Amino acid sequence: MNELPPDLLRGLTQSRVSRRQALKFGGLSAVGLVLSACSIPGAQSSKLGLRAARAEIAKYWQTHKKTGQLNFGNWPLYIDVGSKKSDHPSLDLFTKQTGIHVRYLEDIQSNDTFFAKIQPQLAAQQYTGYDIIVITNGQYLAQLIDLDYLVPLDQDRMTNFYAHSSQLVRDPSYDRGNVYTMAWQSGMTGIGYDPKRVGHEITSWQDLQDPRLRGKIGMFADNEDLPNAALCAVGVNPEVSTQADWHRAADWLHKQRPLVRKYYDQGYIDALSRGDIWASMAYSGDIFQANLSGSNLKFVIPKEGAAIWTDNMCIPQHSEHPVDAMTYMDFVYRPDVAAMLAEGINYITPVSDAQPLIRKDAQAASGDDRKTLEYLATSPLIFPTPDEFARLHRFRVNDKREQKIWNALFEPVYQS
Amino acid sequence: MTTLAPEPPAPAPLAVQQAARRPRPAWLGKLTPYWLVLPGWLWLAIFFVIPVVVMLSVSTMTGDIASGFKQTFRFSNYSDAWSAYHVQFVRSLVYGGIATGLCLLLGYPVAFWIAFRGGAHKSSLLFLILLPFFVSFVIRTQSWNFILSDNGMVVSRLRDWGWVGQNFHILQTPAAVIGGLTYNFIPFMILPIYVALERIDLSLLEAAADLYASRTLAFLRIVFPLSIPGVFAGVLLTFVPVSSDYVNASILGGSTGTTMIGNIIQTQYFTNLNYPAAAALSFILMAILLVGVFIYARLLGTDEVLEAATR
Numbered sequence: 000m001n002e003l004p005p006d007l008l009r010g011l012t013q014s015r016v017s018r019r020q021a022l023k024f025g026g027l028s029a030v031g032l033v034l035s036a037c038s039i040p041g042a043q044s045s046k047l048g049l050r051a052a053r054a055e056i057a058k059y060w061q062t063h064k065k066t067g068q069l070n071f072g073n074w075p076l077y078i079d080v081g082s083k084k085s086d087h088p089s090l091d092l093f094t095k096q097t098g099i100h101v102r103y104l105e106d107i108q109s110n111d112t113f114f115a116k117i118q119p120q121l122a123a124q125q126y127t128g129y130d131i132i133v134i135t136n137g138q139y140l141a142q143l144i145d146l147d148y149l150v151p152l153d154q155d156r157m158t159n160f161y162a163h164s165s166q167l168v169r170d171p172s173y174d175r176g177n178v179y180t181m182a183w184q185s186g187m188t189g190i191g192y193d194p195k196r197v198g199h200e201i202t203s204w205q206d207l208q209d210p211r212l213r214g215k216i217g218m219f220a221d222n223e224d225l226p227n228a229a230l231c232a233v234g235v236n237p238e239v240s241t242q243a244d245w246h247r248a249a250d251w252l253h254k255q256r257p258l259v260r261k262y263y264d265q266g267y268i269d270a271l272s273r274g275d276i277w278a279s280m281a282y283s284g285d286i287f288q289a290n291l292s293g294s295n296l297k298f299v300i301p302k303e304g305a306a307i308w309t310d311n312m313c314i315p316q317h318s319e320h321p322v323d324a325m326t327y328m329d330f331v332y333r334p335d336v337a338a339m340l341a342e343g344i345n346y347i348t349p350v351s352d353a354q355p356l357i358r359k360d361a362q363a364a365s366g367d368d369r370k371t372l373e374y375l376a377t378s379p380l381i382f383p384t385p386d387e388f389a390r391l392h393r394f395r396v397n398d399k400r401e402q403k404i405w406n407a408l409f410e411p412v413y414q415s
Numbered sequence: 000m001t002t003l004a005p006e007p008p009a010p011a012p013l014a015v016q017q018a019a020r021r022p023r024p025a026w027l028g029k030l031t032p033y034w035l036v037l038p039g040w041l042w043l044a045i046f047f048v049i050p051v052v053v054m055l056s057v058s059t060m061t062g063d064i065a066s067g068f069k070q071t072f073r074f075s076n077y078s079d080a081w082s083a084y085h086v087q088f089v090r091s092l093v094y095g096g097i098a099t100g101l102c103l104l105l106g107y108p109v110a111f112w113i114a115f116r117g118g119a120h121k122s123s124l125l126f127l128i129l130l131p132f133f134v135s136f137v138i139r140t141q142s143w144n145f146i147l148s149d150n151g152m153v154v155s156r157l158r159d160w161g162w163v164g165q166n167f168h169i170l171q172t173p174a175a176v177i178g179g180l181t182y183n184f185i186p187f188m189i190l191p192i193y194v195a196l197e198r199i200d201l202s203l204l205e206a207a208a209d210l211y212a213s214r215t216l217a218f219l220r221i222v223f224p225l226s227i228p229g230v231f232a233g234v235l236l237t238f239v240p241v242s243s244d245y246v247n248a249s250i251l252g253g254s255t256g257t258t259m260i261g262n263i264i265q266t267q268y269f270t271n272l273n274y275p276a277a278a279a280l281s282f283i284l285m286a287i288l289l290v291g292v293f294i295y296a297r298l299l300g301t302d303e304v305l306e307a308a309t310r
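First to last, the sequence lines map onto chains A and B. Each residue of the first sequence is one higher than the one before, starting from 0 at the first, in numbering that gives the first Met the number 0. Each residue of the second sequence is one higher than the one before, starting from 0 at the first, in numbering that gives the first Met the number 0.
No lab work stands behind these hints: they were computed from the structure. Predicted model only: the values in this text are computed from it and were never measured. Built from N, CA and C at the ideal position, the CB exists for glycine as well. Wrong hints could be hidden among the right ones.
SDA-like, lysine to any residue: derived pairs with alpha carbons at most 25 Å apart [unchecked claim]:
1) A:Lys-195 - B:Gln-165
2) A:Lys-399 - B:Gln-165
3) A:Lys-116 - B:Ala-65
Here are some chain B residues the structure puts well away from chain A; computed CB gaps all over 12 Å [as the list claims (entries may be wrong)]:
4) Leu-27
5) Gly-39
6) Trp-40
7) Met-60
8) Lys-69
9) Val-109
10) Phe-111
11) Arg-139
12) Val-154
13) His-168
Use the sequences and the hints to build the structure in full.
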């Protein structure tokens, strides 16, 4: 394991007694805001030395015990499904083997709204109701870490993770040493298109500036995927981009605007299947799933590159069942469990050892199931080739000052 | 509308009555009506006044989500918000105005027909008007998304018949957004107008006919003036929520020139976590709508509105 920088280990070390606690009774805090100081509190932080921080973390994990209960907040359609829609075989297996009962909540619709939802509780130092949440790497995960809203993981309970996790998700740039996060799944934001309607092959972001596609192009309405894609389009690696690059990317987007039908926050995949749009920014897994249910769409990683993102399991502060959460997070890194999940989710699994297991499942299956599983085991959307990996970039992570400039540049593109 | 308090009941007779039966301190009797309206005031104070004061205070704060927001009485939050988003403000008011006008044009005949020709079926017809409310607002709007899509039942027919060009589309245009707003809010126009029309004494029309007034003249001189309170209430009930709506713009619109101010406020709150800017935008919207309503009330008069609305 890496040496842990002290600022990453602030998690459990801040002072816990504050005036705010007197006001923590739900609605009363609103009155308190007006009457007391007229302010909305942010996070407090006090830096401890590395040794003290380590000791705090060790103490935290020693004092918490297994409770047999786990509240898991995840995105919709992001887990394997059994015969009934509410039935998740991998969770059943987990409950059978560990005795931990899981309340599975599909509560996360987007990083920004979910962050806004749990932030007040975290600021008031209360339990959010979730022991595991799944957050995409990017500005909101960075904020959760910066604000000390996540529990540092117990590295001793990550044996499966260190045995089976793939290069992509081990020691990632957004969370060095996996101090706070373990990957759930990863995916790419590239271009999805309908080859029949477009009539020619799409290979580059510049194809989304083709006047022949006027009114048939979809883009995303957000300040993460959209700007990062535009940075790729102007030939820059977003992670190391400069402000001058941002301006060029914004110009690229403004030039494209007259051709764009809609900046989507949801529903682009339906519009693409229906033919309202012919080509769109798209998530790899969405295209894969649409094709499984009968569409004939294509997904490309444009030659200029595209963003790869990872959704991460993490434990929000004041979790009531952290040990159970830790147990589950390591459980999904067992290759057999990872294969179950990959077969259900169709994004990039964090366990590359799952690929041979999916192949084996495919051989055991028959008919349609077999075709699907074979497609899954060989699809570059699930297991990208090294060549494709080379073109994938991580999101830009901005500091507060940069984020303001960033938002002011890119928001007018999709909101006007 | 909802913020207008009901008139307190006349105190004098009550006090006189009680005093006659058993002597009581006079101040107690005088206070009785106030005690009676106390629950209403408490309700308003807790669920309206306090939140509004809190948001008013937030709107002049500075800071960010990480280090917290502090009260610095930065009133330029308002001018910043206005200069960045005045286009969306104006657009919302224009869309609101057009949609309200359409609601009136379409809703008045419906209300008229139910009130005067509904006969025994009046209540079933009213129920039909309200029936869509049993399905979620968002689902209904989303289903228009299917109906109006480029290869959906409407646009593809028009294209097949050669009435429109290959590139014609309805979704993601201002027309789609205004149409959605009109569709979603038209019951709020129909109901108050119906209430006003339904109260009209039919013998007035007979009298008009006896005096050789044509039906058009009778409508213009008798029916319409008597229905003005209903129209007034309907316009208020429609215009205010329509102007601040964001669901139609996000589902049927496309962010390319159809964004309304509600969408901006939502982004400021939930995406940018910029609470002061969002609060300032909300108050500007509230101020614009309030001023508009006051002017409108001055021009048309409010005396009979409450009567029409509360019946």
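Results of checking the hints against the structure:
no. : hint                  : result
1   : A:Lys-195 - B:Gln-165 : 16 Å, holds
2   : A:Lys-399 - B:Gln-165 : 46 Å, violated
3   : A:Lys-116 - B:Ala-65  : 15 Å, holds
4   : Leu-27                : 31 Å, holds
5   : Gly-39                : 19 Å, holds
6   : Trp-40                : 17 Å, holds
7   : Met-60                : 7 Å, violated
8   : Lys-69                : 5 Å, violated
9   : Val-109               : 32 Å, holds
10  : Phe-111               : 38 Å, holds
11  : Arg-139               : 15 Å, holds
12  : Val-154               : 9 Å, violated
13  : His-168               : 7 Å, violated
Consistency with the previously given hints fails for numbers 2, 7, 8, 12 and 13, ordered from lowest to highest.
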